[in-house]
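**Q** Under this note's numbering, residues -3 to 322 are what the sequence shown spells out, in order.
Derived by calculation from the structure, the hints in this document are not laboratory data. A virtual CB, placed ideally from N, CA and C, is assigned to each residue, including glycine.
Pairwise CB distance ranges, derived in the manner of DEER restraints:
hint	residue 1	residue 2	range
1	G224	Q92	31 to 41 Å
2	D254	Q92	41 to 51 Å
3	E85	G171	54 to 64 Å
4	T221	L300	29 to 39 Å
5	E240	L300	23 to 33 Å
6	D254	G114	23 to 33 Å
7	A149	E220	19 to 29 Å
Derived DMTMM-like pairs (lysine to aspartate or glutamate); straight-line CA-CA distance at most 25 Å:
hint	residue 1	residue 2
8	K237	D308
9	K296	D193
10	K237	D299
11	K314	E172
12	K95	D46
13	K237	D210
14	K296	E317
15	K184	D96
16	K222	D210
17	K315	E172
18	K237	E310
19	K296	D308
20	K95	D12
21	K95	D69
22	K314	E292
23	K95	D52
24	K184	E166
25	K314	D299
26	K250	D145
27	K184	D12
28	K95	D83
29	K296	E172
30	K162	E172
31	K222	D254
32	K163	D210
33	K250	E220
34	K163	D308
35	K250	E240
36	K162	E140
37	K162	D193
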Amino acid sequence: MSMVQGHSGSVEVGPDTITIMRGGLAGTLIGGSGPRTIPYRALSAVAFQDATRGTDGYLAFAFGGRPLPAPADAVKHPNAVVFRHRDQEEFARLYQYLKDVVAFNLANGVDVAGVYAGSGDPLLGVTDAEMDGGAGTIGTGDGERPDIDAAAARLKWTLGSKREIKKLPEHLMPGETVTFMAAGHYSKAHGLIVLTDKRLLFLWHGFTGSQMVDFPLAAVSSVETKTGMANGTLTIYSAGKSSEIDHVLNGDLKLLADAIRQATTGARSGPAARSAAAPTPASPSPDADITLDPTEQIRKLADLHAAGILTDQEFATKKAELLGRI
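I would like the entire structure built from these sequences, with the hints used as guidance.
**A** Shown next as structure tokens:
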């Protein structure tokens, strides 16, 4: 093992683990903490800031997909160690080594969230807002979406989902209400599972891109759950296909599944479901189609699109055609 000593603490490097020890005057600003030994396979990001002769630098870590400390929070954040200019060379070497660890984890599809969940880190249950001393808030932060803020407050572990929560209003339809949220993985991306009164979505916003997948509730036939030691898998059966969202904390999994079952029962008996189940009417003649109100036809198309009956392309093509008649 080797140890690198900084101004607010130290970092000890072992064969398979990294140990962070906060101490000194800067470290006690957040009350300090005992040694935290965490497997390399839980490391999801690392950041480095050079020191000058007049300002300190820092080395910051992210575990399990949680966010990196903001530069302004490096002094007080337990996942960052501040260092002076004289120690920069050692910290720069350590940073390069840990960058390779992060790259290895990413290239090999390591389940950093699952490894971190079982790491025994004493700060495992601490929220991101508590980690950064309250500088961040869980929710939209504007007070305009109490449904999102309430669902976010129930999250048992945010796992770096604050970005997705902030972006969530951009992905919602007018009048759509959020009822439940949980963290999970879909197609190897770590993101946010969102249940609304209309659909189930998976949302991921990263530094290099984003992903959004949704399942209209009227099209969801059933859901199944499978639990493991700390987290489990939600299987969604929709439109004759099955999709899996895994690494959902066990404490959230059953609550989420029960909420989906209750929501889909109502959705399947609602107007959209009855419309989907009704026989397709005979196509009107071209002349009759033109006499109908295009605005009303667009509204009906939007309902069919929301219910998952029309694809995005079908909806866009027909909508463009109707708009040309207005």
